[in-house]
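Construct the complete structure from the given sequences, taking the supplied hints into account.
Taken in sequence, the protein lines are chains E and S.
Number 11 in the numbering used here belongs to position 11 of the first sequence; there are no gaps in the numbering.
Number 674 in the numbering used here belongs to position 674 of the second sequence; there are no gaps in the numbering.
Honestly, the hints are just simulated from the structure, not real lab data.
Check the hints yourself; a few may be wrong.
Stated by the list, open to error - Listed below are the simulated DSBU-like cross-link pairs for lysine-lysine, each with C-alpha atoms no more than 35 Å apart in a straight line:
| no. | chain 1 | residue 1 | chain 2 | residue 2 |
| --- | --- | --- | --- | --- |
| 1 | E | K196 | E | K152 |
| 2 | E | K365 | S | K610 |
| 3 | S | K274 | E | K288 |
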Amino acid sequence: MISVPSAQLNRRESGIEWPLWAAVLGLMAIGAAFIFSTTGTTEMARGVGWHSWTASRQVVAYILGLGVVAAFSFVDYARIARWSLVAYWLAMALLVGVYIFGTSRHGARRWLDLGPIQFQPSELAKLTFLFALASFLSRPAAELRSPALFAKGLALALFPFALILKQPDLGSALVFLPTTLVMMLVAGVPRRFLVKLVGGAALLVSLIVVDILVAPPGWRIIQLQEYQRHRLLVYFDASFAPRDSTPEQRLRGAQLKRQMSWNVEQAMISVGSGGLTGKGWGQGTQHKLGYLPRLGAHNDFIFSVIAEEKGFLGSVVVLGLYATILFTGIKIAGEARDRLGLLLASGVVTLLFTHVFVNIGMNIKLMPVTGIPLPLLSAGGTSVICSLIAIGILQNVHLYRRRY
Amino acid sequence: MLVFDQLNKGQRPLRHLALATGLGFAVLLAGLVRVQILGRQRFQQSLQTQSYKAVRVPAMRGRILDRSGRELAGNSPRYRLDVYLEELSPDFTREYTRIRRGILSARGAGAQPTPGLWTRLMSRLRREKTKPLISTQENEGLWRAARFLVVSNVVAQVSTRVGMPLTLTESDLHRHWANSRALPLAVLRRLSPQQVALLTEQSWSMRGISIELQPVRSYPHGPLASHVLGHLERADDYSDEDEEAFDYRLRDYRGVAGLEKAFDAALRGTAGSKSILVNSAGYRVGETIASPAVPGRNLVTTLDLGLQQAAEASLSQVNGDERGAVVVLDVRNGDILAAASAPAFDPGEWIDGVSQARWTNFYDVPKRTPLMNRITDGAYSPGSTFKIVTALAALENGLDPDRTYRVEPNPANPAKGAYFVGRHRIGDTAPPGDYDFRRAFIRSSNSYFIDAGLKAGFDRLLATAHRFHFGEPTRTQLPGDEDRAAWMPDGDEARAGRWQLGRLANFSIGQEVTVTPLQLAVMVSTIANGGTVFYPRLVDRLESGDPLAETRVEQVRPGQVRSLLGARPEHLALIREAMRDDVLADEGTGKASRLADFSVCGKTGTAEIKGNGFKDKVTWFASFGPFESPRYAVVVMVESGGSGGGTCAPVAKRIYEHLRDRGLSAPKGLASLP
Numbered sequence: 001m002i003s004v005p006s007a008q009l010n011r012r013e014s015g016i017e018w019p020l021w022a023a024v025l026g027l028m029a030i031g032a033a034f035i036f037s038t039t040g041t042t043e044m045a046r047g048v049g050w051h052s053w054t055a056s057r058q059v060v061a062y063i064l065g066l067g068v069v070a071a072f073s074f075v076d077y078a079r080i081a082r083w084s085l086v087a088y089w090l091a092m093a094l095l096v097g098v099y100i101f102g103t104s105r106h107g108a109r110r111w112l113d114l115g116p117i118q119f120q121p122s123e124l125a126k127l128t129f130l131f132a133l134a135s136f137l138s139r140p141a142a143e144l145r146s147p148a149l150f151a152k153g154l155a156l157a158l159f160p161f162a163l164i165l166k167q168p169d170l171g172s173a174l175v176f177l178p179t180t181l182v183m184m185l186v187a188g189v190p191r192r193f194l195v196k197l198v199g200g201a202a203l204l205v206s207l208i209v210v211d212i213l214v215a216p217p218g219w220r221i222i223q224l225q226e227y228q229r230h231r232l233l234v235y236f237d238a239s240f241a242p243r244d245s246t247p248e249q250r251l252r253g254a255q256l257k258r259q260m261s262w263n264v265e266q267a268m269i270s271v272g273s274g275g276l277t278g279k280g281w282g283q284g285t286q287h288k289l290g291y292l293p294r295l296g297a298h299n300d301f302i303f304s305v306i307a308e309e310k311g312f313l314g315s316v317v318v319l320g321l322y323a324t325i326l327f328t329g330i331k332i333a334g335e336a337r338d339r340l341g342l343l344l345a346s347g348v349v350t351l352l353f354t355h356v357f358v359n360i361g362m363n364i365k366l367m368p369v370t371g372i373p374l375p376l377l378s379a380g381g382t383s384v385i386c387s388l389i390a391i392g393i394l395q396n397v398h399l400y401r402r403r404y
Numbered sequence: 001m002l003v004f005d006q007l008n009k010g011q012r013p014l015r016h017l018a019l020a021t022g023l024g025f026a027v028l029l030a031g032l033v034r035v036q037i038l039g040r041q042r043f044q045q046s047l048q049t050q051s052y053k054a055v056r057v058p059a060m061r062g063r064i065l066d067r068s069g070r071e072l073a074g075n076s077p078r079y080r081l082d083v084y085l086e087e088l089s090p091d092f093t094r095e096y097t098r099i100r101r102g103i104l105s106a107r108g109a110g111a112q113p114t115p116g117l118w119t120r121l122m123s124r125l126r127r128e129k130t131k132p133l134i135s136t137q138e139n140e141g142l143w144r145a146a147r148f149l150v151v152s153n154v155v156a157q158v159s160t161r162v163g164m165p166l167t168l169t170e171s172d173l174h175r176h177w178a179n180s181r182a183l184p185l186a187v188l189r190r191l192s193p194q195q196v197a198l199l200t201e202q203s204w205s206m207r208g209i210s211i212e213l214q215p216v217r218s219y220p221h222g223p224l225a226s227h228v229l230g231h232l233e234r235a236d237d238y239s240d241e242d243e244e245a246f247d248y249r250l251r252d253y254r255g256v257a258g259l260e261k262a263f264d265a266a267l268r269g270t271a272g273s274k275s276i277l278v279n280s281a282g283y284r285v286g287e288t289i290a291s292p293a294v295p296g297r298n299l300v301t302t303l304d305l306g307l308q309q310a311a312e313a314s315l316s317q318v319n320g321d322e323r324g325a326v327v328v329l330d331v332r333n334g335d336i337l338a339a340a341s342a343p344a345f346d347p348g349e350w351i352d353g354v355s356q357a358r359w360t361n362f363y364d365v366p367k368r369t370p371l372m373n374r375i376t377d378g379a380y381s382p383g384s385t386f387k388i389v390t391a392l393a394a395l396e397n398g399l400d401p402d403r404t405y406r407v408e409p410n411p412a413n414p415a416k417g418a419y420f421v422g423r424h425r426i427g428d429t430a431p432p433g434d435y436d437f438r439r440a441f442i443r444s445s446n447s448y449f450i451d452a453g454l455k456a457g458f459d460r461l462l463a464t465a466h467r468f469h470f471g472e473p474t475r476t477q478l479p480g481d482e483d484r485a486a487w488m489p490d491g492d493e494a495r496a497g498r499w500q501l502g503r504l505a506n507f508s509i510g511q512e513v514t515v516t517p518l519q520l521a522v523m524v525s526t527i528a529n530g531g532t533v534f535y536p537r538l539v540d541r542l543e544s545g546d547p548l549a550e551t552r553v554e555q556v557r558p559g560q561v562r563s564l565l566g567a568r569p570e571h572l573a574l575i576r577e578a579m580r581d582d583v584l585a586d587e588g589t590g591k592a593s594r595l596a597d598f599s600v601c602g603k604t605g606t607a608e609i610k611g612n613g614f615k616d617k618v619t620w621f622a623s624f625g626p627f628e629s630p631r632y633a634v635v636v637m638v639e640s641g642g643s644g645g646g647t648c649a650p651v652a653k654r655i656y657e658h659l660r661d662r663g664l665s666a667p668k669g670l671a672s673l674p
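What follows is the structure, given as structure tokens:
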């Protein structure tokens, strides 16, 4: 071992990761522009003041998020990580709080009402979980061979997973699986454990699928909400009526299916009708005429608005910006000073990538419909600030990277 | 690879992560290519079909004009009151919310206090399933009721404003809402100008209503020339249309009789279409004209408005409830100057549909049959007017017009003559005595013409009738005219010897044969103009409805010769002179049409129709004038009249009077032969 002076090791390297922030700023500009395109005209028509527009609130969230990132960049991520468990349990408490005090929107209890702002603890839970798991796994790789430690690490993931699943928010809960998996892989957890984890996850997913598609109504092993079941049925293009149903039931099932697949179909029509170059900013008819769900066009389905108005070229630009962020993130992980930095960066990359993939995939029917936001683009303060903090973590790891 | 180069230091997991991420982006990119590049046509099409509704917009119907361009059928503005559902849709929601809240509180949902924390916690543990207070079906009904409340409120306010009870049933509204939500709901189809004024006044306004102006077929002269013009009917089936799929169609009409039917395609023009942009609730958001309608073409007829009016007025003076027809032809070219059929009807009343009561009491009356066009579709025995044919056949057979023929008295009525065919006796209306051609013609002696006809023989008689194209379509382009309405004796049957002399005798005096008034008019014209059989011409030209558009005018050539009669001029002159004398001579049957300063020439006819238990008469006056330079042919036919001379000659006289008073100079626009 070569001894390196601690002062030198901890030196704050100057340097902002410019490609990363250029991509972030680009996404912010796109987000604000298209949230305005989606909601601006109706809000203006309703006489809502400019400071209350959804787009303005989004910009405020951007600025707030950037502020938080700037503040945190003065502190070494390793220092922050010391508080990870405290933050983790605080977030878990908030999730339990949501369960009791939370406000419910559209059948799911996901928000905490704090007067003027509403706050979504599951977003915070993702971040604190990231820190907790990263610092837990940052111990020497050799220690991770113990099954007990593996179980403990898994428990860290399963706890928020279960709480968020209960909200119910299946999509957000499932985000924990790949993140956990990738972080453990990077940390060097033995393959045999990971195979079991993957096997377990695969078993869970296949159980859900089999349950929905094949099992008779009485057999439900995993209690899903009715709408979740419907979304998955739509995704698998399966019949809504049980197999041994009367023609009348079948008819009703088909009707219900048409209703339930409406959002997906409309998102596909939005994206597809955009063609190569799109209809132009503010010219998308799908959201203007209400074909895209009014409540979802500016958040979960913002990608289909962009794709409709800017076409394939616009979609590629968005993908490119995300790719820039993620690959820069992987590069930062590679340059990380220590295992903690490596784990944090790879965790953030996985988390963001999962969001991007699931959300965009949902807009083109590659993925079932879930309420997972598109980082930075979807309207929603909590999501934006948490995404920015996640990217801030990358920046922090970069800032305190090792120098050769 | 920028990232990969830096990941070469044994960081295999990161390389895997980079690979997986890259793969993920590739999948997304492929998906986007599939949807946005390969599938864009399909999705653009779905976008079209779900957000644009194509509406068929009928074109303005072409006008029908008289020969001088005066309007016989046109379009007049009609004001319609529409309710725009999309403007009321916020009210629907408001009303729905109100009703729903009322029901919920009635069912005790609102009365419960907000449950405390403990209750909420416990209820979660107990996993209570709350049953919805309002079922989905009931909810649908609530929406329906809310919509009806809002719209009927609007209708009620309009109703008090215009002072006219308006009814809108819930099922009407629901049908409109379900089938044509994107279109406005027509509440009142005919607004009077006063009502329009009341509704558009500044001090009164109401959201959701609008007054729509639309052109509707109008017939400014009411029943005038109704059988020539025809009438319209709402067109509800569009099977003849090209496959172009319309979601909605605005009300259109099609011609079902007369010129409206014969020239329906030209008059109708080409329907346009507009696209209505609808939102996800199916309400209208905006509209664009996809293709403008091309107005129908104007049809210029050969009719003369003044003469037509005179003809109809004259015919109506018979007794006011007559059944009959009048045709006025220009003998020099076959132009139909007037064509009247009585009883007439008002084609305008077909626009909004004829009520059942009106149909049974007016239209569907036996014998009256107002819809029947007696000019071209009515087949009647020509009676004595057919003696013109017999005369020509006899003259060509070598009849000496100056030789006298003695008519025997009728044993049953010695004041009248009779003709004996074997043991069969045919009565005469003329007295017994000596008759030469002229006297026989003007007294309309049956015996003389039966004798002449029998001498000429069946074949010659039938051939002469065919030279005037009796028994053939007159080709006026009026629907139905192509059918052989009137019939001629079957030559083969007669020649085979199955015809007894009595039948041939009857044929000579205009029985055993039927003609249409128009066919008879063609015959008289031919006699008058010296032997040219013209096709009667009713349509002069089709011209563009848009005076600025440079479209070809479709002209129907005037004076189309059908055939030449091939009779010797002196024979025709003899007949013309006899016809003149029929009017001029005091013992002539047609003297009731005698007119100062205008020498009318005519032949009367009274055909008796005997059937099982009924006896009826068809009376005729077939004429032309003036004698010196024949110009007009006028044929008058009245069913159940008294006699040709007594009933029809005065009708013709009034028409000639009109022609005389206009002066012998051609009426404006009358075509003259080159």
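Now the hints, each set against the structure:
no. : hint            : verdict
1   : E:K196 / E:K152 : 15 Å, holds
2   : E:K365 / S:K610 : 85 Å, violated
3   : S:K274 / E:K288 : 21 Å, holds
The structure fails hint 2 only (numbered hints given earlier).
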